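Undergrad: As a plain string of letters, each chain reads:
2 protein chains.
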Amino acid sequence: MTASAAATREAALDALRKAVGAEHVLATGEEREAHATDTSHWHQVPGFVVYPGTADEVAAVIGAAGRLGLQVWPFSKGKNWGYGAHMGLEEGAVILLLDRLNRILEVDEELAYAVVEPGVTQGQLNAHLQTSGSRLWLDCTDSTPDGSVIGNALERGVGYTPYWDHFASLCGLEVVLPNGETVRTGGGPRNSLTWHTYKWGTGPFLEGLFSQSNFGVVTKAGVWLMPRPEAMRCFICELSDERNQPAATDALRRLALQGSLRGNVHIVNDVMFLAQMIQYPYDRLEGRTNLSPELRAELRRRYRIAPWTITGGLYGSRRQVRAAQREVRKALKPFGRVSILGERGISIVRRLIAAWTRFGGIPGVPSLLRAVTRGSLEKLRVVLEIYPILQGTPGEYILGFAYFKRRGPRPRHDVDPGRDGAGLTWMAVVSPLTGKHTSELVGLCEPLFERYGLDFSITFISVNPRSTLGLTEIFYDRDDGDERARMLALYDELADASLAAGYQQYRSSVWYGERLLASSDGFGRLAGTLKAAVDPEGVIAPGRYGIRSARA
Amino acid sequence: MTASAAATREAALDALRKAVGAEHVLATGEEREAHATDTSHWHQVPGFVVYPGTADEVAAVIGAAGRLGLQVWPFSKGKNWGYGAHMGLEEGAVILLLDRLNRILEVDEELAYAVVEPGVTQGQLNAHLQTSGSRLWLDCTDSTPDGSVIGNALERGVGYTPYWDHFASLCGLEVVLPNGETVRTGGGPRNSLTWHTYKWGTGPFLEGLFSQSNFGVVTKAGVWLMPRPEAMRCFICELSDERNQPAATDALRRLALQGSLRGNVHIVNDVMFLAQMIQYPYDRLEGRTNLSPELRAELRRRYRIAPWTITGGLYGSRRQVRAAQREVRKALKPFGRVSILGERGISIVRRLIAAWTRFGGIPGVPSLLRAVTRGSLEKLRVVLEIYPILQGTPGEYILGFAYFKRRGPRPRHDVDPGRDGAGLTWMAVVSPLTGKHTSELVGLCEPLFERYGLDFSITFISVNPRSTLGLTEIFYDRDDGDERARMLALYDELADASLAAGYQQYRSSVWYGERLLASSDGFGRLAGTLKAAVDPEGVIAPGRYGIRSARA
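Order-wise, the sequence lines are chains Y and C.
Here this note's numbering is used: position 410 in the first sequence is 410, and no number is missing along the way.
Here this note's numbering is used: position 233 in the second sequence is 233, and no number is missing along the way.
Extracted from the complex, chain Y is given alone in its bound form (with noise of 0.2 Å):
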């Protein structure tokens, strides 16, 4: 480093310390280091990593940093797992981390929202509703407990409830903006009665460009929230001929536009479910980087699961419930067969389960309990962990299915694949809810995995009664080389034909932002027409979904 470049250096330091405070700002190489860490390939260390513990204070980095021409790139959590997490798309940035604005500001028992910082994280809502007695359930998704609520909806993460779109349920924002200035959404009065009850406010509806992009740093939020419903089922679909998920596809959508389906559903095969029970069985590859069809349909057979699992949440009242499940029991049982599970089925589970656990080391208590179970206890284990996130209650066990490719076992607290070199990249995209579509798609993606030697791993999840993410995940072995520059080739590829075939991302990884909005021409000019307007100097993330501040 030259003399000028550490007197710079020295400077943003001594401003950013001043905004947060001395113990507040990471500056050392190897605190730097240890925050450019994703399951990517993505590595890009940053200059300084900055936890402001206020609104004020965002606003003073953003400030110092735009006086000192850094780049500031907000994360509320960063787990951001499998998108390049919370790293920027080049060298040398503040990474901006939100953890320490962790307050929850109200809960609204009667119109059924709270109102949380960004540092809120979805096991601590939750925990907040369950202690206080709250009678309302947050939805959450199936990934980390200590994931941001605001974090996760402004990337338009989804879960599982009736509130499973959960930037549709974020209501009401008060963001910083570049310059500094703080603003609130909705357009209201200063004492609007319905900030976080009324999505649109008056005049424009502004929120949705703090959404997958980079025009300000939001620093609290309304999130809605569920009454505990009077009943709730949880469905289960096996497709025990894979030739039946276009079939079933289309019977999902129309028992989601009949409004019997409220929650969303998620479709997962069978690599994607074995990741969730097992690692990696690289003893059976005999010499292949990939599954083999065979050990494929042997690993099936050995923990019954099925190319297809279909998994879903029934909410409301008793009646409607019991409705919803003969439409959906009735409309899904020509394609596979269909369990429906509730409290009672839920702890006889639980019950099995745990007297595996307990009992698992006496001699002839696996086989019997196999043999209960027809040999599905890995299985059940999934259902039993799933459950309680139907019910907005997140865990650390599903998220397990990132180490999936890592060698030796993988953990089952303080889960953090980031940090553990576990091997998981995210080529994510939307698709018509039909099965013409998602046949297509899997078409289109299958071959890609195999070309590459990887195994074909992917979840749709019907993100609307018209639409399904399609999330393919590309596990791979972060310390093989050649592994992960097939991984990389893999994404590349993946992501390209999807988009030339007309299938849009649903979330950017950092580094594809930038091809992304090049393929939607007059969308990108607006979203650089836009950014200049608010951040003319790029302050703010320059580059993330390709948004960069052009004067038009």
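One or more of the hints may lead you astray.
[As the list claims (entries may be wrong)] If you only want the chain C side, here are some residues facing chain Y, beta carbon under 8 Å, derived:
(1) GLU155
(2) ARG156
(3) ASN191
(4) LEU209
(5) PHE215
(6) ARG228
(7) PRO229
(8) LEU499
(9) TYR503
(10) GLN504
(11) SER519
(12) THR529
(13) VAL534
(14) GLY538
(15) PRO542
[What the hints assert, rightly or not] Away from chain Y, derived, C-beta distances all over 10 Å, residues of chain C:
(16) ALA36
(17) ASN244
(18) PRO432
[To be verified] Beyond 10 Å from chain C on every Cβ pair, some chain Y residues (computed):
(19) GLU106
(20) PHE205
(21) ASP414
(22) ARG525
Calculated directly from the structure, the hints in this document are not laboratory data.
No experiment lies behind these values; they were computed from the predicted model shown.
Using N, Cα and C, we set each Cβ at its ideal position, and we do this for glycine too.
Knowing the structure of chain Y, use the given hints to seat chain C on it.
TA: For chain C alone, kept in the frame of chain Y given last:
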């Protein structure tokens, strides 16, 4: 007009004629005056009225206006009666009416949406669906069949079915920007398969920019449609005691949060219900300018209407609707008489009304029918006319309420209250959906109506499970100068007082926008900054919703 002004005007006329063809530019005094009508007091004569036939012509008009320093105020059909209809903020603007962009471009039966141009009316789209044998239903408003589907959605209009929130059901816009460029929202690839099925797109969600604002001219949009449900019912709850309104409102919120109510619900007071049924009883006023409490009570008794009437639809599978029916009845029964009508009930009503229409002239028949219906023929007529609206078929009958205080009989066909000199101004806010707030709002508004000698008329429309619109209808006699003045004074006081009390406006009149954004500090500045970026010269509707180009 000076010679130079005349030359400028001539140049503008030439340019506009070149842009859209001479026959599509109206410029005579009479033509311009005919376009300066609304049911409110608003009256700004346009400089020109222009009817482009394509998106390119829209761009050409905007380009010409930019060069010539003209303002362009775009309207789809301009049926925004009571808010300023299709008039600008100042005299002399170019009024752009999109009547000729009236193509239904696509109806996707499987994914349940249509793609339409802004001149497509709700009557046209409904007729198209019915005659083409579609199994899809439009959600329509109870205003004119001649209203634009897109225009209403961009103004955040509401209907009655589960697709009530028209802006929420809009998906995928094509917009001509002030610089003449056409953009497609959504951020997906050019051939995006989900442009009309996935609302948020990729990257920032920018559709909100084009709603209740002036950032561009929408020339095409996707509109979600509802597959005809297996079952449908209409429910009516009549609150005989007005003190029950808050508790009934709370019950409705709980039903909506639980998912038993999926469509929206209208709660109208007696004055609004009377306005739908009869002409104003001027001969009974006895020196007053509004109904005395005694007369109001007498009219309620005579037409057998309650102080408050709740109506809504139930939609879904037969089982779901049966469940919802029981839940609604149980929840509302404590507050008033609950009637639930399906096809069978409505056909009895239809026959009664037909008999009344046909044989009403025969002595004895009306009194016989009144005895059969317990005196509520006019009320049943309203029910009969609302029922098709609950199924997406718009009609002209209900809108007759706009003529309440116009002297003489109201028209039943070609209903156009702006043209016909009917007097109605809306002042509409959003309130939390709680009995506490609806009664606070009533308590705030009713005395103001009384003070100005006008009749307190209000409709609450639940716009999501947490919020309700509170639309006050100010009926007045347009031909009475004193009453016009009182209407305006009341409007101002209502708008200011509700804003001060924390009730954001739902939809602004042309003339109130400026005051509105001023109250929201940061939000108004942000909107101005964005406006300056896309429309630096302020070509499109400057001042609409208070938004004007303002460099930060």
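Undergrad: None of the hints should be skipped; say for each whether it holds.
TA: Status of each hint after checking the structure:
A distance limit of 8 Å between C-beta atoms decides the matter here; for GLU155 (chain C) the minimum to chain Y is near 11 Å, and the interface restraint is violated. Interface restraint check for ARG156 (chain C): the shortest CB-CB distance to chain Y comes to about 6 Å, inside 8 Å, so the restraint holds. Among the interface hints, the one on ASN191 (chain C) holds; its C-beta lies about 4 Å from the nearest C-beta in chain Y, closer than the 8 Å criterion. The closest approach between the C-beta of LEU209 (chain C) and any C-beta of chain Y is roughly 5 Å, which is under the 8 Å cut-off, so the hint is satisfied.
Taking 8 Å as the C-beta cut-off, the interface hint given for PHE215 (chain C) holds, the closest approach to chain Y being about 7 Å. Violation of the interface hint for ARG228 (chain C) is found here, the shortest Cβ-Cβ separation to chain Y being roughly 10 Å, above the 8 Å cut-off. A distance limit of 8 Å between C-beta atoms decides the matter here; for PRO229 (chain C) the minimum to chain Y is near 7 Å, and the interface restraint holds. Interface restraint check: LEU499 (chain C) against chain Y, minimum CB-CB distance 5 Å, threshold 8 Å, status holds.
Satisfaction of the interface hint for TYR503 (chain C) is found here, the shortest Cβ-Cβ separation to chain Y being roughly 6 Å, below the 8 Å cut-off. This hint holds: GLN504 (chain C) has a C-beta 3 Å from the nearest C-beta of chain Y, less than the 8 Å allowed. Interface hint at SER519 (chain C): satisfied, since its Cβ lies 5 Å from the closest Cβ of chain Y, which is below the 8 Å cut-off. Using the Cβ-Cβ criterion of 8 Å, the hint placing THR529 (chain C) at the interface with chain Y is satisfied: the shortest such distance is roughly 5 Å.
Interface hint status for VAL534 (chain C): upheld, as the beta-carbon distance to the closest one in chain Y is roughly 6 Å, under 8 Å. Below 8 Å, beta-carbon pairs count as interface contacts, and GLY538 (chain C) has none with chain Y, the closest being about 14 Å; its hint is therefore violated. For PRO542 (chain C), the shortest C-beta to C-beta distance to chain Y is roughly 14 Å, which exceeds 8 Å, and the interface hint is violated. Annotated as non-interface, ALA36 (chain C) keeps its C-beta farther than 10 Å from every C-beta of chain Y; the closest such distance is 24 Å.
For ASN244 (chain C), the non-interface assignment is confirmed: its Cβ lies about 18 Å from the closest Cβ of chain Y, beyond the 10 Å cut-off. Some Cβ of chain Y comes within 10 Å of the Cβ of PRO432 (chain C); the nearest lies about 5 Å off, and the non-interface call is violated. Once the 10 Å rule is applied to beta carbons, GLU106 (chain Y) is consistent with being away from chain C; the minimum gap is 13 Å. Interface exclusion of PHE205 (chain Y) from chain C breaks down, the closest Cβ pair being 3 Å apart, not more than 10 Å.
Separation of ASP414 (chain Y) from chain C is adequate, the least Cβ-Cβ distance of about 33 Å exceeding the 10 Å criterion. At roughly 7 Å, the least C-beta separation between ARG525 (chain Y) and chain C is not larger than 10 Å, which violates its mark as non-interface.
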